[in-house]
Amino acid sequence: MARRPVRVTAMLSLAALALTACSSASSTPAAQDAGTGGPVEGGTLVYAEVTPINNWQTQAARFYEKSNVLNSVLDRLTYFDPEQGELVPWIASDFSSNADATEFTFTIRSGVTFSDGSPLNAEAVKLNLDALGLGIEAAQVQPNVDFAGYSSAEVIGEDQVKVTLSSPNANFLRATSSVTAGLVSPATLKLDAAGQSAISRISGSGPFTFESEKPDEEVVLAKRTDYAWAPETAGNQGDAYLDKVVVKYLPEVAHRAGAVQSGQVDLVRGLQPLDEDALAASGNQVLPAKGIDLTVNMAAVRIGSGKLADENVRQALQIGIDRQSIKDTVLSDSYELAASVLNHQAPGFVDLSEELEYQPDEARALLDEAGWDVGADGIREKDGVKLEVTVTSSNNSVVIKPAFELIEQQWREIGVKLDNRAGDNTFLATAMPDPNVEFFGTRQFIYGGLGPIFEPANNTMTHTSDADLNAIFAAERAVTQGPERDELLAREQQALVVDKAYSLVLWDEVQVYGAHSDTHVEFTSGTAPVFQGAWKTGG
Amino acid sequence: MARYLVQRIGQALLVVWLAYTLVFLAVQLLPSDPVTIFLTVDSAVDQAAIDTMKSQYGYDQPLVVQYLHQLAGLFSGDFGYSLASGQSVRDRISGVAGSTVALAGSAFVTAVVIAVLLVAAATLTRSGVVRRVLVNLPPLFSAIPVFWLGLVLLELLSIRWGVMSLFPDGSFLSLAVPVLVLAIIVSAPLAQVLLKSVSHVYDQPFIDVLRAKGASRSWIFFRHALKNAAGPALTITGITVGTLFAGSVITETVFARSGLGSVVLQAVTTQDVPLVQGLVLLTATVFVVVNLVVDLLYPLLDPRILKSNGQGAPRALTA
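Chains A and B supply the protein sequences, listed in that same order.
Using numbering that gives the first Met the number 0, the first residue of the first sequence is number 0, and each one after it goes up by one.
Using numbering that gives the first Met the number 0, the first residue of the second sequence is number 0, and each one after it goes up by one.
Incorrect hints may appear among the rest.
Reference excerpt, derived from the structure (chain A facing chain B, CB under 7 angstroms, subset only) [to be verified]:
| # | residue |
| --- | --- |
| 1 | Gln141 |
| 2 | Leu249 |
| 3 | His254 |
| 4 | Gly257 |
| 5 | Ala258 |
| 6 | Pro432 |
These aren't lab readings, by the way, just hints derived from the structure by calculation.
Note that the Cβ used here is the ideal one computed from N, Cα and C, for glycine as well.
With these hints in hand, go ahead and build the complete structure from the sequences.
What follows is the structure, encoded as structure tokens:
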């Protein structure tokens, strides 16, 4: 069921592309006209997400369907400004840390209230931080993985909160900018598991509040007219321009471009590369939102099966990928090829593109050297074991399956057979916790740095706890800023991508949105649309 | 009659119990317990967190205890808790089941109407060409993939011509189009079986007697042939529930409707094993209940069933 629709939808879209290409000559590029003029007040924006979700528990907002909506409902202590590339004040009007990154002090902005009327003061922040750092046992809420080492929070004076960690974590401040660290009213924290996962019962201090829902079909958010506490660098410092945002769901990828073109939605996430040109040609907008808060898209390597235990083999596979041809064949201009495990705009990014050039001959030499000899069928083998490897991934990304189809061909040329199970969610269930499945195609939020996703022995990326790597992670967490921190971040990337090659990097994380020509919207560093600053020319 | 009733209901309960046991055993075959699978979907979690959640949901108990505890829960209508939403599985399913029942119910009625009309037209027409075309429609219907038909109709009706919404907005078309898409695939086996058994009935001598008495073609078809041919079609009805359910899952996804389809999709995507367990059990129960109803209706159509005292296979009488 999961496989066939893709092919058919691709064919349909091709047909649509051809048809639109014929008719686009006569249409005017409205998108450029819409760029002039200031924000327009009022109106309802219809936003189509990919699949409906049922659990809105805020700490578990580690996927887009959730964070993209909750971003407009919950405020955070800090905000990562994508243009400046740094954290700026939000609900915390000031924040600082001690030199060894074990104590953090936040000054809480005054006059902020939750939508249920209760004040967002230092006490409310303390309760939220405790819930994030320690979890809420009664409601089965796990501690936030980015809050590693959290020990306690105390209210100091009238408007300050001091957080104490049991071990250094220089990424702690960044973690407070994540949607998963969104602040909710103390009453929300007291709800049971089912209550916390109902969006109708979540009270935040954000620019929009819950108005109504039809389960699995629609969520309606209405603006808070008294909102006056946007992040310091936000263009709009007051309440939202839009009156309402209606969130709908379009699980069918083939309809997303058409939904914008026919004016049924103003904004849609998850446009496939095939539809981008047609949508732009029809006068509407293709908006790539860069995922600075995430890793790049990658194949994380597991060495459980033993086939990839030798780092030479992993390095051979890394340079056995022709990334440019992936971009030319299955991606579009909206995608930037990866040059590290971090995105180009991420703080501390180092450009490793020279190490990632396609070198099939060098790859073959490395595999020969590692003792994997080409067998009769062209597949390498060693001690009777064939170099056959498997990749798993969810079907969330619209491009990951075709990308691995191409890699399958490329690796075949260096004598490696890839069993492509990308996009097969049923297989993913058993493959995710299985260290013998060699590759996990994914991208991850890294508000807490790279450590939390690669470090634990049971981490689902590599299923390996590497002592050398972990030493660098620990050192990086203890240094809050300056050249020493950049140096440590560079060593992490060098180790993950080149020296140990645990991460076969593919392309920078980007979410491609389609927007109607009348729609004006920008995105956070986590690719969430900023509805507070959005407006529609048509009203 | 009472004995027949008790026997059939007893069999139905046995099937549901076996289905529950099979699902329970299948879950044990997974590489890990439901909580670990659920929590490891997206990132690395702390073992302590897994242990806490396991004990909260009772997955740390011995298997026999889990089995009996869950079985006891079933009798009190407790299907456990969805790991993804913390809601009880019963609430999660009953919250959206109405939408699926509306879709599947309307589609079923439409399918029966399509099948009967098609068979009536094929039987009553005097044109050989028309009959050949009509007789070949059901195989075509069963060959059309549900998602493809849905996609094409939405592409045309919604995106090209703008006469309906891509989303369920409560308008007539937003229910009628998915109902029709689902009805077409469901009508195929009904029409095929009905065609076959109608032609079988027409071979029987009493039809000749009716003709000799001067009964009109439509009188013979609607008053005599259809009733006698309905048995096998009724049997097939019990089986189409599966097609209906699977078709609903796809139709609901294509038409962005809420319902059991999207719950199935979410349960599988988020690796919510208790919810999947509940859905499988629900499907099995619906299957069993529908087949039970079919079995209980049978004697009304064919009193010979009761005479055979429940021995042998009653459906063989009309096959």
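Which earlier hints can't be squared with this structure? Checked against the structure, no hint fails, so every one of them is satisfied.
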